[in-house]
Amino acid sequence: MEISDKEFFAPGHRACAGCGATIGVRLALKVLGENTVAISATGCLEVISTPYPETAWEIPWMHVAFENAAAVASGVEAALKSQGKTDTTVVVFGGDGGTADIGLQALSGAMERGHNLIYICYDNEAYMNTGIQRSGATPYGASTTTSPHGKESFGEDKPKKNMPMIMAAHGVPYVATASISYPEDFMKKVKKAAEVEGPAYIHLQQPCTTGWGYNPAKTIELGRLAVETGSWILYEIEEGEFKVTYRPIQRRAVNEYLNAQKRFKHLTDLEKERIQSHVDAICIELKI
Amino acid sequence: MVSVGAAVKEPGSTRKNKTGSWRTFKPILDKEKCIECENCIMFCPEGCINKDYDIDYDYCKGCGICEEECPVKAIKMERE
Amino acid sequence: MVLKVMSANQAIAEAVRLANPNVIPVYPITPQTTISEYLAKFVADGDIKAEYIRVESEHSAISACLGASGTGVRVFTATSSQGLALMHEIIFAAAGLRAPIVMADANRALSAPLSIWNDQQDSISERDSGWMQIYAENGQEALDSILISYRVSEDKKVLLPSMVCIDGFILTHTVEPVDVPGKEDVDKFLPLYKPEHAYLDPKRPMSIGTFTDPNYYMEARHDMEVALEGAKEVIAKANTEFAEIFGRKYDFVEKYKSDDADIILVAMGSICSSIKDVVDELRDKGEKIGLVRVRVFRPFPTDEIYEAIKGASKIGVLDKNVSFSIGGVLHNEIKAKMDVDAYGFIVGLGGRDIKPEHIKEIIEKTKNPTKHSQWIGLNKEDL
Ligand SMILES: Cc1ncc(C[n+]2csc(CCOP(=O)(O)OP(=O)(O)O)c2C)c(N)n1
Ligand code: SF4
Ligand code: SF4
Ligand code: SF4
Ligand SMILES: [Mg+2]
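Residue numbers (numbering that gives the first Met the number 0), protein chains in the order written: chain D, 0 to 287; chain C, 0 to 79; chain W, 0 to 382.
In isolation and in its complexed conformation, chain D is listed as follows (with noise of 0.2 Å):
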């Protein structure tokens, strides 16, 4: 695959000693190189890289809201395509928060009008920026600053939302999962979803050291942490066709993954048990 050897998305920018967001980033642009417009949702990556008067964008960049990314791109999309620039790729860069909770309804829209556009939810499992409130992408059992744990709680109650499976049943060409710590299959889904036309989604998994609770050295074995476990898993859906592009070949124990962070410290053997056979009745019925 042809990759630029140019960064697209500069140092300098403030993100936390560590963070997964800006390896998908970096990762992404060098896929979709310099003739692209970005769009980002306000969370982290909106804040830690526009710190005015500087930018660590390469390329045109615009930053609105929280909720309205997806709406913003349609915009520009459409804007772009009336000027007869349609070889300018449109890529979107939210949050899970602004992506699973409070921007659902612009992506939807935006998804079922079919714009050529890109949209890749950069998912931490929390509202990070805000400083780790829970989201509809946060998984059963972390702690958050609103969902922690205590007597009463084992932290979050609710299994993560499915949203690449509410992508697809929009019906739009390309849907895929991936992982920053798997950076040639993410690129790989990058570039297909850069030549498909219409929309395409990719929920790309990245672990956060200040929400996650861990090394900031740890980044990418936590994300191949959850790879290996069965904990998130790899597939794309082309045109319908769901695959699986990443099998591990020894699936690990969850704990492996969880007793890794501290925003699972809290669980009892019981409650990573149930864990563990959520992941099991997945994983089986994908056969990995």
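Be careful, since some hints might not be right.
Unchecked claim - What follows is a list of derived Cβ distance ranges for each label pair:
no., chain 1, residue 1, chain 2, residue 2, range
1, D, 156, C, 70, 38 to 46 Å
2, D, 285, C, 21, 47 to 55 Å
3, D, 183, W, 221, 48 to 56 Å
4, W, 46, D, 246, 51 to 59 Å
Stated by the list, open to error - Here are the computed lysine to any residue pairs in the SDA-like style, where the Cα-Cα straight-line distance is at most 25 Å:
no., chain 1, residue 1, chain 2, residue 2
5, D, 84, W, 191
6, W, 202, D, 81
7, C, 15, W, 216
8, W, 156, C, 1
9, W, 48, D, 197
10, C, 15, D, 128
Simulated from the structure, these hints should not be mistaken for lab results.
For clarity, every value in this text was computed on a predicted model and none was experimentally measured.
Using N, Cα and C, we set each Cβ at its ideal position, and we do this for glycine too.
Starting from the known structure of chain D, arrange chains C and W with the ligands on it as the hints suggest.
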């Protein structure tokens, strides 16, 4: 004076902000040991390792991902 | 000149056809809906070369406008009431990002209780956003105001969005003869929009919508204040050129028999037509009554209003809106900015009919004031 609409017309201008000062541990890359797998380049959140495997210490925040992801232990974190 | 009989909504659609925006994201809501429909038909028939985006909400309509405007093209949307309220967050962002969006608002009451009928609470509630606001009296003025708004909004010295407000049903659904100008004249008046301040172009990457700390935010907002004040000069020039090309002269305020008036009413929008009839009637009886119609509400034309009303002994200000516990907004703004003896009257909320008797009652109460602000036209049992 603020630009109209607070637009920034200098792409990549966060480079003015040398985040190297955040670092407490410094990655040292041993080119002799390096097998050029590019993991460190790929995974650096700052994009501050170039294709000649030079680390730009102006921006390296010392996260330690490169050391962690080097398959041949060619990178060592050293206290500043 | 070819006069065609049409509603103000159709007149606005005709203006949009003539201004030819590249992108039209729009969402239906009574009484704006027919604007969306006329525009959809224009696009379907190839009369406008534009991308018409059937967005899933007004929030997305204005967001898509902002995205499209960000690439440097002309855009248009229209809404009303709940739709405008839903846009609120992005209305402020549009002004802050200095996007020269032009929007029509079919003035309608805000819920609750739910009402589809006219008042001006919706647009008045956006007065602090940094948008320009024009309140039209009729379909012709609605059409002309759209063209003038593009011209002013897109001016380098201004770069702020514009809202053209037309009273729901009273204007949106009432037909009258309108002169639809020729495309050539419009092109003369309204050159192509060429953005310089900010645009999304891979050949010259810019970041739009950045994050400011306390060192910058206040200057950015102050710049908006300066731009909105500066817009007055640009509006004046646009009005003059508009008159030269199209023969219709607009101003910040319209003075109707007010020069020698002892009692002056001040109001905005279609109600002014009814007030003019009452003024005529009372003038025939020898009463020195006049009307000052505020056409441009933002930027607020303090000097023009003051010049027009300062000669009167008493002034009655009609507001189709209320800021609860303080009264009508136009009344309060006039009181805040000018040393005049002005009394406020809240009228016509949620489509309440404003009859000539009401206007006469207001005149009487202005002559013999008992309260600074009062509601006119309430059902008797509620008084
Ligand atoms: C309408 C609105 N509500 C709330 C906020 C506050 N807010 C800003 S970012 C954010 C959370 C973002 O979470 P996510 O989308 O997951 O992105 P992350 O910060 O994790 O990268 C919230 C709640 C806002 N800016 N706008
Ligand atoms: S909180 Fe997490 S996602 Fe946000 S900048 Fe820090 S590491 Fe990145
Ligand atoms: S320590 Fe982190 S920031 Fe520094 S070069 Fe290695 S990966 Fe990049
Ligand atoms: S990760 Fe190690 S082996 Fe691979 S390129 Fe970097 S220094 Fe060389
Ligand atoms: Mg998040």
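Evaluated hints:
1. Taken as a hint, the range 38 to 46 Å holds for the pair residue 156 (chain D) and residue 70 (chain C), whose Cβ atoms sit roughly 40 Å apart.
2. For residue 285 (chain D) and residue 21 (chain C), the hinted distance range of 47 to 55 Å is not satisfied, since their beta carbons lie about 41 Å from each other.
3. Our hint of 48 to 56 Å for residue 183 (chain D) and residue 221 (chain W) holds, since their Cβ atoms are close to 50 Å apart.
4. Range check, residue 46 (chain W) to residue 246 (chain D): about 56 Å between beta-carbon atoms, so the 51 to 59 Å window is met.
5. The straight-line distance between the Cα atoms of residue 84 (chain D) and residue 191 (chain W) is roughly 18 Å, inside the 25 Å bound, and the hint therefore holds.
6. In summary, the hint linking residue 202 (chain W) to residue 81 (chain D) is supported, as the alpha carbons are separated by about 18 Å, within the 25 Å threshold.
7. A C-alpha spacing of about 20 Å is found between residue 15 (chain C) and residue 216 (chain W), which places the hinted pair at or below 25 Å, so the restraint holds.
8. Restraint check: the Cα-Cα separation between residue 156 (chain W) and residue 1 (chain C) comes to about 15 Å, which is no more than 25 Å; the hinted pair holds.
9. Restraint check for residue 48 (chain W) and residue 197 (chain D): satisfied, since their Cα atoms lie roughly 21 Å apart, inside the 25 Å limit.
10. Between residue 15 (chain C) and residue 128 (chain D) the CA atoms are separated by roughly 23 Å; this keeps the pair inside 25 Å, and the hint holds.
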